[in-house]
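Chemist: What follows is the residue order along each chain.
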Amino acid sequence: MTACLSGCLSGCSPSLLDGVGPVGRDDAHIFLDALAIMLVIVVPTILLALWVAWRYRAGNANAVYLPHWSYSGRIEAVTWSIPILTILFIGGVIWIGSYRLDPFRPLPGPAPIEVQVVSLDWKWLFIYPGEGIATVNELVVPAGRPVHFSITSASVFNVFFVPRLGSMIYAMPGMVSQLHLQADRPVELFGQSSHFSGDGFSDMHFAVKSVDPAHYAAWLAAARRGPALDRPMYDALARQSGNLPVLAFGRVDPGLFHAVAMQQVPPAPGPQPGSIAHGGREAGGRH
Amino acid sequence: MFGKLTWSAIPFDQPIPLITSIVLILVILGVLALVTVRGWWGMLWREWITSVDHKRIGIMYGLLGVVMLVRGFADAVMMRSQQAFAVGAHRGYLAPEHYDQIFSAHGTIMIFFAAMPLVIGFMNFVTPLQLGVRDVAFPTLNSVSFWLTASGALLVNISLFVGEFARTGWLPYPPLSESAYSPGVGVDYYLWAIQISGIGTLMTGINFVTTVLKLRCPGMSYLRMPMFCWTTLASSLLIVAVFPILSATLAMLSLDRVFGWHYFTSDAGGNPMMFMNLIWAWGHPEVYILVLPAFGIFSEVFSTFSGKPLFGYRSMVAATLFICIVAMMTWLHHFFTMGSGPAVNTAFGISTSVIAVGTGVKIYNWIFTMYGGRVRMTVPMLWSLGFIFTFVIGGMTGVLLAVPPADFLVHNSMFLVAHFHNVIVGGVVFALFAGLDYWFPKAFGFRLHEGWGKAAFWLAFIGFWVTFVPLYWLGMLGMTRRLQHVWIPEWGPLLDWSLAGVAILVAGAAAQVIMLVVSIRQRDRRRDTTGDPWDGRSLEWATPSPPPFFNFAQLPDVEGEEAYWTIKLRALESQRLDPEPHYQAVEMPVNSAVGFFTAFFATVTGFSLIWHIWWLAGLGLLGAFVGFVFFAWRDVHEFHVPAEEVARADRARRAARTALLGERGAEAAAS
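Those protein sequences? They're chains A and B, same order as listed.
Counting in my numbering, the first sequence runs from 1 upward without gaps.
Counting in my numbering, the second sequence runs from 288 upward without gaps.
Read the hints as simulated data drawn from the structure, not as lab findings.
Computed from a predicted model, the values in this text were never measured in an experiment.
There could be a bad hint or two in this list.
For each label pair, taking beta carbons as the anchor points, the in silico distance ranges come out as [said to hold, decoys possible]:
no. : chain 1 : residue 1 : chain 2 : residue 2 : range
1   : B       : G375      : A       : Y71       : 38 to 46 angstroms
2   : B       : R810      : A       : N60       : 29 to 37 angstroms
3   : B       : A790      : A       : A58       : 33 to 41 angstroms
4   : B       : L305      : A       : R224      : 32 to 40 angstroms
5   : A       : A222      : B       : I612      : 36 to 44 angstroms
6   : A       : L48       : B       : Q301      : 50 to 58 angstroms
The following residues of chain B were derived to be distant from chain A, with all beta-carbon distances above 10 angstroms [as the list claims (entries may be wrong)]:
no. : residue
7   : I315
8   : L319
9   : F695
10  : M875
For each residue, glycine too, the CB sits at the ideal point set by N, CA and C.
Pulled out of the complex, with its shape left as it was, chain A reads as follows:
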C-alpha cells in the first residue's frame, strides 16, 4: 500500500511518503496506517449519508415516512461506539508512534555524525563540530550513518525540515532541539524552513546530499580548504540576507554553536533602518 500510494502521489517529483531513511519511512508508515484506519470509517459514512439522503428524498413514494422517529437506543450505542473504537485504535498508534519516533531518540547503528544547525535570516548554517568545518545552505551527510542534529536559531523561529529524511523540528532562539535522521543511500534531496520567518523566508531552502563514504571524505577535505568562520564573518552572515550561494568554511570556533544557543553571541539583528524590510512606513523609516 505504501508503494502504491506514494507512487500515485509522487507524480513527477517524489513525495514525503518516499522516505529514504528509517525515520522518513516510519513516519510515512504511521501516516498511511492512520489514513487506512480513518478511511475504513470515512468512506462508508459518506456513502451512507448520500444513500440515506437519496433514498428518503421527498419524491420517493417507496420510502417509508417515520415523522416521529427520533430515538433508538441501539443506534445511539452504535453511533457512539464507532468513533470511540476508531479513536481507541488511533490513540494506540499515537502513543506508540510518539515514543518510537521521538525526534530526540538516538537511532540504532554506528555512532552518529554530529551536525549543529543554526537558522539565520534567511539561510542555514551547518557546523560539523567533529570535523571543524561549517557550511551555509548545503548539508552533506554520509549514507548509512545516523546523523545527530542539534538545532537552534540566531533570530526568529524556523523549522528544520528535510522532507524525505523524515521528522521536522523547530529551530528556536535560546533553545536547542535535537533530531536524529539517517539517509540509507546516496541521494540528492532538498531541505527547507517550514515556519515563516520574514520577507526572505521563501529562499530558506538548502541542498541535502547523502553521499558514499569516499565522497564524504573528499568533500570534507575540500571544505577544509575554505576560509575560517570567525566572529566578523559570523556577524556578517547573521545580518538579514537571502538567496546566498553555498559556502564552506574550513575552520570554525568549536564553541560557536553553544555561544549562539546560549545567546552569548547577541541575537541576530532584525531589519536595519533603510531596508524595505524595516517596514518603513513610519517616520524616518524610508531613506
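Please build the complex by placing chain B on the supplied structure of chain A, with the hints as guidance.
Modeler: Below, chain B without anything else, positioned relative to chain A:
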C-alpha cells in the same frame, strides 16, 4: 504631534494598495452621497445605528461579515495567483513585503472579521426568537459589541491606506512580531484591531450565556431548547473562557513592543514559547467557537427539511458539551514539532482525536435524522449534504495531523492549509450559506432565488475541491505554506490547478451576488406571507416574516422539544388557532447611541496607539469614558408598546396563520 505618522505612511509608490484604497474611498463616498441625497440619515440613525434590536444587530453583523468575506476572498485570489505565477525563476507580481501582508490579512480577516461576525450575526438573529423571548439579556451591550467589532474591521482596512498590515501571519509569533524584527506599524494594527474587536466578542459571549441561561420563555427548559440554542450556549461559554486569554496575550505583546518589555522576546528572560501556548489556548477553542454554531445551523436544516425531529437530541446536546470542554485541552497539537517530548505529544494527540468522537456522533445523528424522513433538496439542504461530505474528509485529515509522527511530515505544509480550509470552509462557511438561505425569508420577508442558490452551491462545492486537492498533494510533496515563490518547477502545474479552482469559486461568489440581486428585484413575487416558509419546527417560525421588533405579542408557552411544531400540530388537528390572548403593553429597551460613540472613540484610540500619538489616545479614552458615564446616567431605559399596537400586529399574524391552516388542511385532506 502625530507620533510616527507622516505622509510617507501613504503608499503612493505601490499601485495595488493605492488603487484599492482609492476605489474603496470612492465607494464609501458614493454610499454616503446616496444616503444624503435620499435623505436616509435619520432612518439609518434611528432604525439601525442606534438600534438595540437583536435582529437588526444580527443583520448588521451579517452585512459586516459579508463585506469582509469579500475582502478576505480578494486576498485569497491574490495569494493563489501569486504562487501560481511565481514558480522556478519567476517572482510573480507581489513582492515579499506585500505578499506577507496579504496572507496575514487573509487569515486575520477571515477568522475575526468574516467568520466571527457572521456566526455571531446568526446567534443574534436566531437565538432570542428560538428561545421565545423579545431580546438578549443586555441589548445595549449587544450594540456596543457590534460596533467594537466594526471598529476593529475598520482599523484593518485603514492599514491598507495608512501604513501597512502585519507581515507575521494571522497569529503574530514572537520573536518575529517583536519590534526588533517587525519595527513597522503592521503588527500594531493587528494588535489593536483584534484587541478592540476581541472586547466586543467577549461581551457578546457574556450576553449570550446570560440570555440562554436566564431568558427562556415559559416552558422552555434546557432540554427543550432547539439545537442551535445549545450550540450558541456552548460557543458563548468558550468565548467567555478563552477570549480573556487572547486579550491578555496581545496586551503582553503590545507591552513588549511599546515599552520594550520582555514577555515574549527570546532574550532578557522573555519566552516566545509562552506566546505559542497562550495564543493556541485561545486559538484552538476559537475553531470550535466558530464550528459549534455551524453545527447548530445544520441541525436545524436537517431536521426541518427531513420533516422529522432531530435524531438523538440528547446525544447531540452531550456531544456539543463534550466538544466544548475537550476543545480547551488540545492546543498543543499546533506545535508538536517544537519537541515537547513523547508523553506530552501523546496526551495532546489523543485529546485532539477524542474530539472526533463528538463530531462523529453528530454526523451519524444527522444521517439518522434524514433516515425515514421526506428530504426536500432545497438550497440549505444541499449545503448541508455538501458539508457532511467535505467535513468528514477534513476531519480525517485532521486526525492524521493529530498523530505526532504524521504531523512531523506535514506540519505547516500545504497539507495543513488544505486541512483547515477543508474544515472551516466545509464546516463553517457552508453552514453560513445554508443559514443565509434558511433564515433570509424570516429576516427580510421574501425567499431567495432557488436556481441561483443551487448554482452557487455547486460552483462553491466543485471549486472548493478543485482548489484544495492540489494543495493536499503539494503538502505531500513537501511544499510548506506562506511561500512568496516556489523554487521547484514541478510544483507549478498543481498550483495552476488550484488557481483554476479559485476561478470556479469566483464564479460561485458571482452566483451568490446574482442570487441576491435577482431575489431583491423579484421580492414582491417571492414574499413569505405565512411566516413559516419551510414548514419549520422551532419558535422563530411562529412569528411573521419579518418579525415585529417585539418578536412575540405574548411569550409562547412551550410544551415539548419542538415548540412551534407542537403548536402547529394542535392547530392543524383542531383546524383553529389557540384562542386570542389578552393583549398587554410590551416593554422594550430604548435605542442607544452609546455603542456607536464608544466604537468611534475606540477607533480613534486604537489608531493613535498604533501610531504613538499619545495625546489623541488619551482624548479617545476620555471620550469613550464620558460616553459610558453619559449612558449610565440615563433615566429612561425602556418604553411601552401600547397593547393596541401589539394586538394589531398579532391579529395580522393570526389572519395569515388561519389562511395557512386552511391551505395545509386542504393539502392534508387531498393526500
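Chemist: Now tell me if each hint is right for this structure.
Modeler: Hint check results:
1. The given range of 38 to 46 angstroms is broken by B:G375 and A:Y71, whose C-beta atoms sit roughly 60 angstroms from each other.
2. For B:R810 and A:N60, the Cβ-Cβ distance of about 33 angstroms falls inside the hinted range of 29 to 37 angstroms, so the restraint holds.
3. Between B:A790 and A:A58 the beta carbons are some 34 angstroms apart, a value that agrees with the proposed interval 33 to 41 angstroms.
4. Separation of B:L305 from A:R224 is about 54 angstroms and departs from the stated range, judged on CB atoms against 32 to 40 angstroms.
5. For the pair A:A222 and B:I612, the beta carbons lie near 60 angstroms from each other, so the given range of 36 to 44 angstroms is not met.
6. Between A:L48 and B:Q301 the Cβ separation comes to about 53 angstroms, which falls inside the hinted range of 50 to 58 angstroms.
7. For B:I315, the requirement that its beta carbon stay farther than 10 angstroms from each beta carbon of chain A is met, with the minimum near 22 angstroms.
8. With a cut of 10 angstroms on Cβ distances, B:L319 stays outside the contact zone with chain A, its closest approach being about 27 angstroms.
9. The beta carbon of B:F695 is not kept farther than 10 angstroms from every beta carbon of chain A, the shortest such distance being approximately 4 angstroms.
10. Distance check for B:M875 against chain A: the nearest CB is about 36 angstroms away, which clears 10 angstroms, and the non-interface claim stands.
In this structure, the earlier hints numbered 1, 4, 5 and 9 are contradicted, and the remaining ones agree with it.
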